[in-house]
Each structure stands twice: as C-alpha cells, then as structure tokens.
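S.K.: Chains A and B, in that order, give the protein sequences.
Those letters in the first sequence? Residues 1 to 202, by this note's numbering.
Those letters in the second sequence? Residues 1 to 616, by this note's numbering.
Think of the hints as simulated: they come from the structure by calculation, not from any bench.
Cβ coordinates follow ideal geometry from the N, Cα and C atoms, glycine included.
Please note: incorrect hints may appear among the correct ones.
As the list claims (entries may be wrong) - Pairwise CB distance ranges, derived in the manner of DEER restraints:
id, chain 1, residue 1, chain 2, residue 2, range
1, A, T156, B, F56, 54 to 62 Å
2, B, G45, A, A185, 48 to 56 Å
3, A, G104, B, G213, 16 to 24 Å
Claimed, not checked - Rough simulated footprint, nothing fancy, chain B against chain A, three-plus residues with beta-carbon under 8 Å:
id, stretch
4, 20-30
5, 36-48
6, 68-77
7, 156-165
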Amino acid sequence: MLAAIDLHGFLFVLFALTACVFAAGVLFSSNIVRMAFNLVLSLGSSAGLFFLAGAEFVGAMQLMIYVGGTLVLLVFGVMLTAQHRFLEMRTNAGEWVLSLLVGGALLMVLLQAAFSVSQWNTPYAQRDQVEIDESKSATPIAAALTGVRVDKLEETNPRLRAGKSGYLMPFVIVSMHLLVVLVGAAYLARPRMAVRQMRRGG
Amino acid sequence: MELVASSLFDLVSDVIRDTKGIGGWLSIAPDSSVGLFIPEILLCGTILAMLVLRLFRLGEKLDMFYVALIGVGAALLVLSPWRLSENAELFARRELFTGLLVYDGFSVFIRGLLLGFGVLFLVFAKISGIPSRYDSADIYTLVLGATLGLCIMSAANHLLVVFMGVEMASVPSYALAGMQKRDRKASEAALKFAVYGAGAAGIMLYGISLLAGLFHTVHLPTLAAQISTMLPQMETPELMVAALAGLMIMAGLAYKLSAFPFHYWIPDVFEGAPAEVGAFLSIASKAAALALLVRVVVGMGTLPDSSETAARDSVVARARQDNPATPADLLAQAPPAQSTMYVRHDEEHAAAETEDHPREDHATPGESDSATSATTDGLETARTFMAKLIALIAIVTCTFGNLAAYGQKNIKRMLAYSTIAHAGFMMMAVPALLAVADSHPQVAASAVSGIAIYLVIYLFMNLGAFAIVAFLRNEMGSEQIDDYAGLLKCCPGITLCFVVILFSLIGLPPLAGFIAKFAVLASVADAFRLSGHPYLMGVLVVGVLNTAISLIYYLRVARVMTMLPEPESRVPISLPLFSVAGWYVLAMTIPVAFLIVNWGSLHRTATAAVAHLLGS
Numbered sequence: 001m002l003a004a005i006d007l008h009g010f011l012f013v014l015f016a017l018t019a020c021v022f023a024a025g026v027l028f029s030s031n032i033v034r035m036a037f038n039l040v041l042s043l044g045s046s047a048g049l050f051f052l053a054g055a056e057f058v059g060a061m062q063l064m065i066y067v068g069g070t071l072v073l074l075v076f077g078v079m080l081t082a083q084h085r086f087l088e089m090r091t092n093a094g095e096w097v098l099s100l101l102v103g104g105a106l107l108m109v110l111l112q113a114a115f116s117v118s119q120w121n122t123p124y125a126q127r128d129q130v131e132i133d134e135s136k137s138a139t140p141i142a143a144a145l146t147g148v149r150v151d152k153l154e155e156t157n158p159r160l161r162a163g164k165s166g167y168l169m170p171f172v173i174v175s176m177h178l179l180v181v182l183v184g185a186a187y188l189a190r191p192r193m194a195v196r197q198m199r200r201g202g
Numbered sequence: 001m002e003l004v005a006s007s008l009f010d011l012v013s014d015v016i017r018d019t020k021g022i023g024g025w026l027s028i029a030p031d032s033s034v035g036l037f038i039p040e041i042l043l044c045g046t047i048l049a050m051l052v053l054r055l056f057r058l059g060e061k062l063d064m065f066y067v068a069l070i071g072v073g074a075a076l077l078v079l080s081p082w083r084l085s086e087n088a089e090l091f092a093r094r095e096l097f098t099g100l101l102v103y104d105g106f107s108v109f110i111r112g113l114l115l116g117f118g119v120l121f122l123v124f125a126k127i128s129g130i131p132s133r134y135d136s137a138d139i140y141t142l143v144l145g146a147t148l149g150l151c152i153m154s155a156a157n158h159l160l161v162v163f164m165g166v167e168m169a170s171v172p173s174y175a176l177a178g179m180q181k182r183d184r185k186a187s188e189a190a191l192k193f194a195v196y197g198a199g200a201a202g203i204m205l206y207g208i209s210l211l212a213g214l215f216h217t218v219h220l221p222t223l224a225a226q227i228s229t230m231l232p233q234m235e236t237p238e239l240m241v242a243a244l245a246g247l248m249i250m251a252g253l254a255y256k257l258s259a260f261p262f263h264y265w266i267p268d269v270f271e272g273a274p275a276e277v278g279a280f281l282s283i284a285s286k287a288a289a290l291a292l293l294v295r296v297v298v299g300m301g302t303l304p305d306s307s308e309t310a311a312r313d314s315v316v317a318r319a320r321q322d323n324p325a326t327p328a329d330l331l332a333q334a335p336p337a338q339s340t341m342y343v344r345h346d347e348e349h350a351a352a353e354t355e356d357h358p359r360e361d362h363a364t365p366g367e368s369d370s371a372t373s374a375t376t377d378g379l380e381t382a383r384t385f386m387a388k389l390i391a392l393i394a395i396v397t398c399t400f401g402n403l404a405a406y407g408q409k410n411i412k413r414m415l416a417y418s419t420i421a422h423a424g425f426m427m428m429a430v431p432a433l434l435a436v437a438d439s440h441p442q443v444a445a446s447a448v449s450g451i452a453i454y455l456v457i458y459l460f461m462n463l464g465a466f467a468i469v470a471f472l473r474n475e476m477g478s479e480q481i482d483d484y485a486g487l488l489k490c491c492p493g494i495t496l497c498f499v500v501i502l503f504s505l506i507g508l509p510p511l512a513g514f515i516a517k518f519a520v521l522a523s524v525a526d527a528f529r530l531s532g533h534p535y536l537m538g539v540l541v542v543g544v545l546n547t548a549i550s551l552i553y554y555l556r557v558a559r560v561m562t563m564l565p566e567p568e569s570r571v572p573i574s575l576p577l578f579s580v581a582g583w584y585v586l587a588m589t590i591p592v593a594f595l596i597v598n599w600g601s602l603h604r605t606a607t608a609a610v611a612h613l614l615g616s
C-alpha cells in the first residue's frame, strides 16, 4: 500500500508548492519580520528540493547559511533597530511594475533554459532501471563536525593521519561565541533604553 | 568493505573515549577531554546563567556581579593551578578533543592566571562602579566570553583553534572598547579596533590556509613533523610561500600582542575605553597572546614527545592492520586485552625501525638515517626564521613603546605605550627559547618560565596602576598626568602605592618588576652563551637599554605626583588608603613590593608549569 505512493514525487510537489507559496508570501507581506519568516520557510523548502535532487551538500549549505545564518541575522537586525519606518515596507505601484518586469524576465529566461533541454522534458521510460550514483555528499564534513574524521581511513601516511582532528569542540564552542557576540551587539544597539533607565534612577 | 565499517566503529568509539571517557552515558572521566575542559564549561554556564536569570523577577534584582564572581571562582577552583608546584607529573602533556587543544602545566598556569585575573577584575569593576548595575550583566557576559576565548588561545594545539580562540577573544573586546556609548572617542576607538582586528584576522587566516596547502595539516605537532621532512626538499618558490605564511600568521599574533607595526590601535582604544577595559586588554589579552605565541613557535619549531600523539593514533593503528605501527604506539593507549595481540603481531616489524629513530619513533616507518639528519635541518631552518623575526619585532616593539610613551599627557595613553613596551620585553624570551630549543631544552623551558613569571608580576603591576587611574578618575574626573600634581598631599597612601608600582614597572630592585625583567634577560643571556647567536646579544643589549629609557617617563609621573604643588582650582579629593578602593590598591601593591621575599615559590610553580612543554 505504502509502496504504491510515489514518495519522491509527493515530496517534490510538496516542497515545490511550499517554496512557491511562501515566496509569494514574501512579496505580499509588508511587515519585514513576516517577510523574513516567509523567506525562512521558502528557502527551507528549496533546501528540501536540493536534498531530493541528491545535492546534499548544497541543501545542507542552504539550510546552514541562508536559513540558519543570514535570516537569523536579518531578524535580529530588525529587532535591534526596530523603528516604525523600517518595520513596515510599503511598495508603490512603480516599484511593483519594475520588479515584475525584472523578475518576470528572469523567470522567462530560466524557464526557457530549463525546458530547452529535451532530456529533462521526457520522463524516463523504465524507472526501475534508473541507478542513482553515489554523489559527493556532505557526510565527511558533517561527520568531522561531530568529531569523526572518516577521511582518516583513506590516509596512508600515518603522520598525517595523526594530524586529522575532529571539529567537535569548535563546532560546539562557537555557539557560545555567537551568543556572547549577540549580547554585545544588543548592548551596543540599545542606547535609548540605558538613558531612560538612568533617568528613572536605576 | 568490512574493514571500513569496523574502522568507522573504531573511529566513533575513539571519539567517545577521547571526549568523555569510558563509562555510562552521563559519566565523564576526569582525565577525558571534557573532564579537563570543565573550567571553560563553567564559564559557558555562567554566561548562560547571567542571561537566563534576568528573565525572572527575582533575578532582575540580583546583582550579576555575584553570579559572575561565583562562576569564575568555581572555574578557578576546578582548575586549581596551585597544585602545579606540588606534583608536576599530574600535568603531563596530553591532547584534548582529538588534538585540537593541549592540556599541560603551561596551559593550567596561563588559564589559572586568566581566571585569577577574572576574579580580581570583577572585584575591581565592582568597586570602581563601571559598568553601571544596569549594564553589568552584558559587560560581564562580554568579559567572560572573551576570557573563554583567551583560555582556548592559551591551550591551542591546532591552527584552526588558534584562529578561533583569537576571534573569540577579540570580538567581545571590540564591544568592550565601545562600552561608553555616548563617547565619540570610545566609539571611534572601538570601530578602529574592530576594522583592524578583522583585517589582521583575515591575514592570519590566509597564512594558515597557505600552510595547510603546503604541509597538508594545521595540527601543530604534525605540522612540525611535516616541516622537518618537507622543508629541506622544498624549491625556492615553495619556501617563499612558507615564509610568507609564517609572516602572515605572525602578523595576526602581533596584532593580538600589540607588537610593532600592529600596535596603532592600542593607544586609541586605551584612551577611549574606560580604564577597566584597558586593564582587561593590557593584562588578560597580552597574557593569552604571549602564551599563544609560545604555543605556536614551540608547536611549529619542535617535535613533540612521541608518546602522546601516538596515543591518539592507536585506535586507527589497530583498525588498519595492514599498516603496522610501532610498539610504543600500541602500548601507549590501547586497552590491554586488544593491544597485546597486535603487539605480538607487529613486534618484529617495528623493533628494527625504532632503533633508527630514537627521537621520533612515530615518523614514517622506513626512513633512513640521512632523513633523520635532514629532519633537524628542516626544523632548524624554521626555528631560525621564527627566532630572527620575533627578535626583530620584540626589539622594535619594546624600543618604540618606550620612546612613544615619553611624550604622552594622558595617563591611559602612557600606560598603553607602556603595555606595548612590556609586550615587546616579554617577547624577547621567545627567540631565546627557539635558539636553544633543540640543544638545551632545559634552558629553553626556563625562557618560557621567565615569561610566566613576568606575566604574573605584570598582572599585579598593571592591575594596580589601572585601578589607581580608575579610582582617581572617579574622584577628580580627569586622566591627564598634569592633573595628578601634588597628589601626595591629599591622598598619600594611594600615591605611595602608585610610586611603588611605577618603580616596579621600570624594573628597579628590590621590587617585583626587577624579578620579572631579570628572569627574561637571564634566559636570553643563557641562550646567547649556549648558542652564540649574535642576534640574542642584540636583544639583550636592547632590553637593558630600554629599561633605562623607561625610567624617564615613569619617573615623570612620580615626580608630578610627589614634587609639584597642588593646583588651587582642584576640588578636594578623598581617596584614603583605608577604604575599599584603598584596600584593593594595597592588595595589588603588596605582592609587587614584597615578592622578592618569597619569589622562590613563584619560580618553582613556573618551572613546574613548563616542565612538559618541550617534550623532553
């Protein structure tokens, strides 16, 4: 019963739909924080598409750098400098037209390029015979971050093998560093509160 | 493919054993990586506690000073560096976290110094009232975060960790430098600090990546072994790249050390930031940067004791039966039940090889005797390069700092240049260390112990000086040297303490500063006598000359305070010796004044700390 469901196809449609819907959400929302949250979901879904396509490394990087890093930075930046004129973004008609022109042109070019490759248009006749190559994956990097250097096993020079250290400690401790830096950024970014507090005599 | 699967299992179990030791899920062996890393983990816990406690109504009322003090104090207690002089064997060198960090007497000593400074600094900040209570939690978080980075720097065994530690220590310092937000000068100083710091870090990272490309590793002991065999066979372009990489890494370290020509940020930052931050940057930051410099030059310039690198390797050695390791490797770490079997298996293979390599039995099996002699040549080249480079930097830094301090009108700016000069002076021991690292490891170790002694004494001298500057600022709102005129009249006790500290900063006997300078210069003289390198003579002469130059500007401050008349316009100052601030200053001055009575115990501790540094 379960085998009858085409899991791959189902997930593809799911991720593609969520990516598109939340991308539209970014467009039609005027609050920066909501936009950022929509963008998180949209980028996360496209990371899912990368995983489905077998590009695990790109998917992992998409999650770590865009979803994890850049957007958290954006949200924090907005929260720290939250002022009304930066929080709400109104787009006027001229900007809509201009962005539709530019974005639409890019979309056309991409669609045209994607559909011009004939192999991509026709599905494989015998799906059973499709072999999935062992792709370059993020596994060795991820394993090294948990302290296990799998590439140690392929190293024949015993001296170099001794020098292969796992990156568990930096991976964990850097989170502490980021927390401290965030506290520092928050401290530097809140001038008014301190003054108000001092007037109150705190 | 069975071999791979079973070796992966071995790899994972090796990581677990290395990280937390054998035992149940929650048990942590005291000699495992995490077990020896507890002081740093306590610092992390304190940072978290300071954040979380503020969420509650009760915690809002709590003064975070006590939380921070308890956290740092607990970390110091767990580390307990005072055990060093009792039993140095407890602090034998071992690698933590699969070779990223190193635990030995030196790291315990420096981390003890940093955490001890942390306690003293928190008390100092509490007395002087900067940061205000409202800001204190954030400032303490930054200080503790920076201290965490400094601790990691002082124990680094891998260039990745060197970079990470430098960044972890620097980035919170940038925010600390800009602590007084409404002060334009402070903001400018913080921005300069951050921009130059980012540049220096980038340069260092580029140097590290060049080294990684040339030698295929950035794990310091492995790097030394690679340099020893690869450097003699390198072509000129490759040698140029290696030298460039060394220069770039040194630039990053010199920035942290505030060495010439990377010193320009320090006077601005010290002048803009409050004296409390200046104390932190000039003591803790310098101590960790010097320890890091020692780590890097020792790591890249000498071959480590074979047993401890081999110990980590044994699991992989067991996994790869087709590639026999030496018996020393196997006996060192593998559980007895498994190791005996492979020792028997490998014995005849390896016994013959070890005879050829009495010094480095972990090197590639099958190397001939000629390779062994080339080995020392390669490292000798690297050591001479580093020694001459650091000697030059030290000479210029020390002289420049002392000359530039002469014309300063602001006391914090003067102390900034004095910091630069002292950093240069401490660096002078490093060429001495490198010159005799191979031939006379004992003398080389004594050079490092000279740095360690200097750092402890420097802590008390500079903390005392900055504390007096901060307390006087609180009283009279000025940090100009001219405004200190006639201080002897209104607060004689503090003035006397300041004069004692200034005399000690010059290095006049019988004060502690003399012991510090003597320890460093004696090691340079010893190294010169044993190796005969002329540049060490140059270092020695410049060191002595600089002591004479520094006399002028320190004495000028003392003269202004004691001999000039009190200006009439000044508001009355009351800073008696019998107050909390006075006691604090006294507590810093007493070790400076009377260390000579009992300096043997400090010397013993420092000697025990460096006993295992050079793997001899």
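S.K.: The structure should be examined with respect to each hint, and the outcome stated for every one.
M.R.: Hint check results:
no.: 1; hint: A/T156 <-> B/F56: 54 to 62 Å; result: holds (57 Å)
no.: 2; hint: B/G45 <-> A/A185: 48 to 56 Å; result: violated (22 Å)
no.: 3; hint: A/G104 <-> B/G213: 16 to 24 Å; result: violated (45 Å)
no.: 4; hint: 20-30; result: violated (count 0)
no.: 5; hint: 36-48; result: violated (count 0)
no.: 6; hint: 68-77; result: violated (count 0)
no.: 7; hint: 156-165; result: holds (count 10)
The structure does not agree with the numbered hints 2, 3, 4, 5, 6 stated previously, though it agrees with the rest.
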